[in-house]
Amino acid sequence: MPALTSLKDAGARAVAAVEGWFFAPADPRAYAALRIGYAASTLCILVDLWPLRLSLFANSGMFGKTPSGVDPYGLLDVFTWSGSTAWVNAVFVVTALALVSLGLGIFQRASALVVYTWAASYCAAGAIAQSGFDTIARVIGFVLVVSPTPRTWTVLGTRKDEAPPIYGLRLVQWQVLLIYVCTVWLKAPDPFWRRGEAIPYFMMSIFARFPNPAFARLGALGAVLTYATLLIEVTLPFLLWMRKTRWLGVFLGVSMHIGIAVVAKLIPFTLAIVPLYFAFFERRDFDALASLVRRTEPR
Amino acid sequence: MANVSRTTALGTTFHRPFETYIDAARLWQSWDMFTTIPHFHDMAGALVAFDDQGNITRYGPMLPDLRPLRKDPRIIGAFLRLAFVEDGYAAYNVRYLRAVCDAIATRSGKRPAKVGFELYTEELRSIQDVQRDNRIGERRTYPFGPIACPR
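If you read the protein sequences in the order shown, they are chains A and B.
So in our numbering, spot 106 of the first sequence is number 106, and the numbers just go up one at a time.
So in our numbering, spot 138 of the second sequence is number 138, and the numbers just go up one at a time.
Since the hints were made in silico from the structure, they are not lab data.
Since this is a predicted model, take the numbers as computed values, not measurements.
One or more hints might be untrue.
What the hints assert, rightly or not - No farther apart than 27 Å at their CA atoms in a straight line, the calculated lysine-lysine pairs in the DSS-like style are these: (1) B:K110 to A:K65; (2) A:K265 to B:K110; (3) A:K265 to B:K114; (4) A:K65 to B:K71.
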């Protein structure tokens, strides 16, 4: 019997731990920062996609009318409803308005639903032209639809003493882990990454902003940059998770992604992933930021 | 957990219980960006239309309006998938062929008999070769098709 009791206790403790992990109170500023960062970065993705909207989603585009009925879950794919130029333009304009509304904190859940519907639709219709930042826009859009919507940092004001459950932030944390760990898992067996040559080759490729043969002469520096990229990617989620190393993680992650935005034609990826770091922030992190801002303000 | 890599010896058994939820919520994802080096330093392309007499006319591959290939990472990715990736994108090839045949018919007033695609690339040369002569890319053309235009 004592064994059964201790087993029950252990089970109860495990359930409580899981509950605490998903439903403990979070700092509402983390949700607010994530929402604002997501809205701003997704608006940039929309602007980036605007010149290609007819090529990818209109009847007059490269793939003609988007077929409907292929995917049983695709009823809400708005580009299967119509492929007229006016409809495609309207979808983009309405989504842009929803993104502004989301960023300002007005009708948060409804705005998130509009944005998620657009992201899911364009990813389904234009899967062949999809990039990692499109996936982030879609998946985080879904998380915002199901997450708490605290009235913090909105144009409607701030409701005091809100402590929303943390589960939405946990989902984003898992997503960040998944992105970085999966990419390292897939890169690690590649001979170019193994030999430390991936960055020099990338810097001469079609995706580089300033391709130049000088990158072939980076030598050991090229290897250091290649291995450092892998090291940062594999450690970043854990650095962000642990309080003691969180700011180091933010510094390394932001530096790496700003570096990518400067040297590669991949600015949207930087814009899409950096706001996700706010999902790791706790009260003490926002307090530290606020105190830093106060200290740097002119007296 | 459902998004853990599908390329392991575990296969997809692990993923099956989650697939309905993933599909319904549109949460599929893959993080295989730059898992190896990009192979090209530069890229362009053209549609090659053949009429019934075998005469050839070249057009830009982007619709609407048969414009030249735009060097946007999304478009580069799309054409590389159209050209080299079979899995998952075959339907796009069929739709692209139909769309370009229609667009060429509208532009020229006559439906082409066949349409092919030429991908003009500058393939990245090895680091050692670039070190020798400072030339990053080697020109290479990949021809695809021609395929009969659907009526």
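Here's how the hints hold up against the structure:
At most 27 Å may separate the alpha-carbon atoms for a hinted pair to count; K110 (chain B) and K65 (chain A) meet this at roughly 21 Å. At most 27 Å may separate the alpha-carbon atoms for a hinted pair to count; K265 (chain A) and K110 (chain B) exceed this at roughly 39 Å. For the proposed pair K265 (chain A) and K114 (chain B), the alpha carbon gap of about 35 Å is over 27 Å, so the pair is violated. Between the alpha carbons of K65 (chain A) and K71 (chain B) the distance comes to roughly 24 Å, so the proposed pair stays at or under 27 Å and holds.
Hint compliance for this structure: hints 2 and 3 are not met, and every other hint is.
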